[in-house]
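Place chain B on chain A using the hints.
So the sequences go chain by chain: A and B. First residue of the first sequence: 1, per our numbering; consecutive thereafter. First residue of the second sequence: 801, per our numbering; consecutive thereafter.
The set of hints was computed from the structure by calculation and includes no laboratory data. Where hints are given, some of them may not hold.
Stated by the list, open to error - Here are the computed distance ranges between Cβ atoms for each label pair:
| # | chain 1 | residue 1 | chain 2 | residue 2 | range |
| --- | --- | --- | --- | --- | --- |
| 1 | A | D462 | B | G1096 | 41 to 51 Å |
| 2 | A | E198 | B | Y1119 | 49 to 59 Å |
| 3 | A | G168 | B | Y1119 | 50 to 60 Å |
| 4 | B | G1096 | A | S595 | 27 to 37 Å |
| 5 | B | A880 | A | S679 | 40 to 50 Å |
| 6 | B | G1096 | A | G497 | 55 to 65 Å |
| 7 | A | G27 | B | G1096 | 31 to 41 Å |
What the hints assert, rightly or not - To spell it out: a stretch of chain A is covered by chain B in this simulated footprint if at least three of its residues, at any positions, have a beta carbon under 8 Å from a beta carbon of chain B; those stretches are:
| # | region |
| --- | --- |
| 8 | 172-182 |
| 9 | 764-774 |
Heads up, the beta-carbon is just placed ideally off N, CA and C, and yes, glycines get one too.
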Amino acid sequence: MKVSLSWLKDFVDIDVTVEELADKLVGAGFEVEEIIKSGANMKNVVLGKIVKLEKHPDADKLQICQIDVGKDDLIQIVTGAQNVSEGDLVPTALHNSLLPNGQTIKRGKLRGVASDGMLCSGEELKLSEEDYKGASVYGIMLMNGEKYPLGTDLNDVFGNDDVILDIGVTANRSDCNSVLGIAREVATVLKKPLKMPEIGFKTDKNVKIGDIVDVEVKAPDLCPRYMAAAVTDIKIEKSAEIIQKRLKSVGLRPINNIVDITNYIRVEIGQPMHAFDKNYLEGEKIITRRAENGEKIVALDEKEYTLDNSMLVICDEKKPCAVGGIMGGLNSGINDNTKTIVFESAKFMRDNIRRTSRTLNLRSDSSYRYERGIDFDSQRLGLMRALTLIDKYGYGKIADGVIDRLAQDITTKIVETSVEEINSILGIDVPSDVILSILNGLQIESTLENGVLKCVCPAFRDDIENANDLAEEVIRLYGYDKIVGTLLVGGNQTLGGKNRKQQNADIVKEICVSQGMSETLTYSFTSPKCFDVLKLAENDERRNCIKLLKPLGEDLSIMRTTLAYSMISMLASNNLKSNKKVKLFELANVYIPKSLPFNELPNEHSMLAMGSYGDGEDFFTMKGNVEVLLRRFGIVAEYKRSDINYLHKGRSADIFVGKEYLGYLGEVHPEVANSFDVSDRMYIAEINIEVLNKLADYSYKFMPISSYPPIERDIAIVVDEDVLAGNLLACVKKGGGNLLVDTKIFDIYRNESVLGKNKKSVAINLVFRLADRTLTDDEVNAKVNRILTKLSSEFNAVQR
Amino acid sequence: MKEKIAKLIEQAKLAVEQSHTLAFINNVKVKFLGKNGELTQLLRGMKDVPQEERPMVGKYVNEARDLITELTEEKTRQLAQAEIDEKMMKESVDITLDGKNTERGSLHPCTLVANEIVDIFTSLGFTLGEGPEIELDKFCFQMLNIPPDHPARDMQDTFYITDDILLRTHTSSVQARTMINTKPPIRIICPGKVYRPDDDATHSPMFQQIEGLVVDEKVTLCDLKGLLETFAQRLFDSSTKVRFRPSFFPFTEPSVEVDLSCSVCHGKGCRICKGTGWIEILGAGVVNPKVLDNCGIDSKKYKGLAFGLGVERVAMIKYGIPDMRILFENDVRFLKDFK
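With the rest of the complex left out, here is chain A:
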C-alpha cells in the first residue's frame, strides 16, 4: 500500500520525521518497505532567466547565455538549443546537479568557452506535455510565466515535495488498505487525534434519486450492501490538480474527473466505487444477481468473459453491466459525453470476488481491494466523500437522496475477556490501565468491570475475535521489547528425541559419508521425459506418477517415482564439469499414487540413491557400499541378476531378502549414459529405506568364542563360466553343515588351454571348527568330500 505523507496529513498531524514515523509503524506491525522522496532524482536544477545571449565565437550552432539564478552573480552556460531568447525563463541545471534521466552535470568548457551548467529540455527532466505545458517542444523547455522567484529549486516549482511510504499491510488488516486506515494507525502510534475526512455537499432538491435509478439486490449473500447516488449535469474534464497529483503519487494514471474520484475514494477511504453512465442503463433499475451459466460480458479491457452462476453481475433490466466488484462493462464506462452518472458503493464478499477473479483471470485495483475485505461502514463514508468532492469541485448536480440496500443488520462485535487472560498469553504483567488505554486508543471501546474486560470492536476491525487478538493489539503498541525470554517455566516435562526410523535415517547418511559419498539435494519434481530416458517399459509401474496442475515448467511437472533419474543427472552434471571421481548419495522420498486418477494421498517412500563414477569405481565398490549399509542393520541379502532397463545387463543386480525386494545396484546402461553425454561408466544403487527399516535386525547376541583350533582347507574346482559364485558358496555351506564356520572364494582363474572353453577354476577356502572339542582330520575330510560331491552334482564341478 502506497500512501503519500501529504495525504496522510489530511487526517493526522505528523510532527516527526518520515524516518521516525516509519520506525514507529514498523514497531506497530506495519513493514515500511520503501520511503520514496519525490524529487530525489533531481537535484540542483533551478529556475533561471536568460539575461544576455550571444553567439559563440568559434561555433555557429552554440550560444553563450548569461543566466540570472537569483544570486548576485550571473552564471554562464553554453547551449546548443536555438529556441531560446533573452528574457526566457529556463530550467537551469547548475554545477553538480542531477537530472531525472540519471545524468549528472558538471562545470566544463565548450569549444573553449566556460559553461557552468546546462539548460534542460522537457525530455531531460522526464516531463510530458501532461506534466508541464511546453515540455514536449524540441529544445529547451520554456517556463515563461512562472511566478516563482529566480533560483527556486524546480522540485518546488513542480510540487515534488511529497514523500511516499510503501507499507506492507498484513492480510488481517484489511482496514489499512487505505490512506484513512494507515492514518488511523499513525494517529495511534503518534498519540494524535484522527481527523475524519471532510463530508458536506448540497443536493439538487428538484431531482430525486428515485427519478433516476432504483436498485434491486437479488443476491444478498454475495452483495450484502449496495448503495447508490446519482449526479446530473456532469461535465467531463480533467480532475483538480491535487487529485491528479495524489493519484499519480500512488502510481495511478489520472483519467477524468469522475473516474478519478472513484479511484481517489478507493485509495483514501478504501471503498472501491464504480460510476455507471446513466445513458447506458436500460430500464429503471440496477439489479445485482448471480450470473447465468454461460452469460457473457465484454469488460473494460475489451475482452469477452463467460460467466457462471457462482459469479455476481451488476445488471440493468436488459443486460449485465459489470462483473461485480471486479470490472465494469465496456459500454457502461464514462466517456466525454456522459451527462448523468450513478455511483455504486457496495460491499461484495471477498472470497467470492477472489474466486471469480481467479476463475476469469481478471484482476483490477477494485478486485484486489475487495479480496482483502471491506467492512460495513465504508460504503456510506465512501459515497458521501465522493459526493463531497463532486460538490467541492463543481463537477455536477447531486440528486437528492441515496439508495441503501442493506441485506442484514449490522451488529457490533463484543469480545469479553480479562486482563489476566491477556497477560497469561503475553507472560508479562501489563497494567490494566495501560491495556485499557491502548485498546481505547485503537477505537476499540474497552471497559473493565468486575474483572471482565469488555471490548466493543469497531466495524473496521473485524479481524478481532478473541483474547489473543486483543493481546496482540496490546503488545504491538506496548512494545515487543518488553517480552523477556523464559524457558517454558510453567511447562510440563517431556521426553525428546528421535524414534528408531528417524535415527536410522541419520545412520544411513553417516554410513554413506564414511563410504566417501557426498549428499545431494535435488527437486522432488522432475520431467515426464525421464521415464523414456531411463528406457522404462510402457507398462512399468513407475510411469504412474502424480502430475502438478500448474508446474513451473514441463521439466518440473511430475512428482518423482524413482531417484535414479536425479542421481544419474547429478553424476552427469559433475562429469560435465570435469570432476574426475565422484561419489554421491541422496536420501529422499518418491511418491507412489495409490490409485489413478489420483484422488487420495499417495505413499511417500523414503529411498536411498547412491551413485559413483571415476577411477577405482566399479560394480563391486558399489556392491561394497550396499553391503556395508546392510551389515549395519543386520541384513543379509541375496543378489539376483536384474533386468532393469537402465542398467547394464551383465553388471546389475536386484537385492532381495527372502521375497522382500530391497532395491538394486548396477552399472548405468551405456545408452542411458550416452543420452546424458557421459562416456565414463557410472554406477548407481537405489535402496528402499522403508523396507530396510522393516527388515533391520537390532538384536545383538553374545556368541562364545571357541578355544579349539580351526582346521582350514582350500579346494579348487572347475565349473562353467556362467556358474555364479553366490550359488557355489550356498552349495558349499549346505555341504559343510555346522562344522563349516566360514568360507570364501579367494581366487578365480581362467585359461582356455588348461581348463577348456567357457570354464573357470574357482578356489574356495573352508574353515571348520567346533565349539567344544578339536576336530579330527577324518571328520574334516568327510565334510570336504561331501562338499565336493554336492558341487559336482549341482554344478558339474571337477576338482583340480
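Only chain B this time, still in chain A's reference frame:
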C-alpha cells in the same frame, strides 16, 4: 695372580670398548668367559696359588667374571638397540605423505544446519514430528485458519495436484496432524521439504523448513522468546540477541517476525544484514486458539507456541552462500566443503 686378573680386566674392557658389532662382542664374550676363555685359563692356574691365598684369589676371579659379564652384556644390549634402530631408520617413510583409505564424503549444508537445529530442540524435550509432503488442503490451510479464498492464501502460492490435494507450502501442516493425534503436552520439531512456485536467487520451488510447536497448559510469549534465544545462541553464538517484530500469520496470534542480531558483524551492520545489524530468520507466535479448537485441543485449557524457519536461508547465512541455486547444483567440489 692378582696382577694377572687386573690385566685381564683391562684387556676385557678394551675389547668391549672396541666391539662395534654383535658378532664381535659375542667373540669377546667367548674369548674371556667361554669354556676355554681367558678367565677359565686363569682359574686353571689356581693350583699354583698357595692354599691360604686361594679364597682371596677366587674372590678376585669371581669379581672379574661378574664385571666382564656385566660389561659385555651392557655392550650387547647397546649394540642390539643400535642394530634395531638402524634397521628402522632404513625403513623410514615420508610421514608427510597422505594417509590411506581416508576418503570421506560430506553431508549437504542444509542437512548440517537441520541436524544442528533438530539436536538443539530434541535436547529441550522436543520429539521429531513428521507429515506427508503431498498434503490435503485441510491440513495445510483450513485447520490452520486459512479457509478457501481467504486473502492469506495469497501469502503462499501453491502447487495443486487436485482441488484439495497439494504440495505442502509449509511444515505447519505437521502441526495440525500432530495436534489431532496427540494429547498435550506436545513439543515437536518438524524438518521437511516444502514447495512454492518461486524460482530466483533467494527462492527455490522446493526448499526445507523446520517447524516447532509447543502445546501446554501454561506457556507464554515469553517462553517463545526464551526458546528462540536458546536456539539462536546455540546455533550462532552466545551473544546472539533475539528481537520480535509484530507480524501476521493466520495460525498464530499474536504473530511475530523474529530477527537475530547479525552473527557476522554482531549488530554493527554489514553486507549480510544489509547494514541493519539484524537478520530476519523466523516467523513465530502464540498458536491461534481457533487452530487449537480446529484440531480438537481445548483452547480454554491449553496454549500453543509455534515457530518456523527456512533451512536454506539459515545455511546461506551460516556458511556465507550467496545464491540459493548453488545449494541445488550438487557440484561435488561445493559439497565436499561441508565435511
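Do the hints match the structure? See the list:
1. D462(A) <-> G1096(B): 41 to 51 Å: 26 Å, violated
2. E198(A) <-> Y1119(B): 49 to 59 Å: 57 Å, holds
3. G168(A) <-> Y1119(B): 50 to 60 Å: The hinted range 50 to 60 Å is violated for G168(A) and Y1119(B), with Cβ atoms some 29 Å apart.
4. G1096(B) <-> S595(A): 27 to 37 Å: Holds, since G1096(B) and S595(A) (Cβ atoms, about 29 Å apart) stay within the stated range.
5. A880(B) <-> S679(A): 40 to 50 Å: 60 Å, violated
6. G1096(B) <-> G497(A): 55 to 65 Å: 25 Å, violated
7. G27(A) <-> G1096(B): 31 to 41 Å: Once the Cβ atoms are compared, 36 Å apart, the range 31 to 41 Å for G1096(B) and G27(A) holds.
8. 172-182: holds (count 3)
9. 764-774: violated (count 0)
Checked against the numbered hints above, the structure breaks hints 1, 3, 5, 6, 9 and satisfies the rest.
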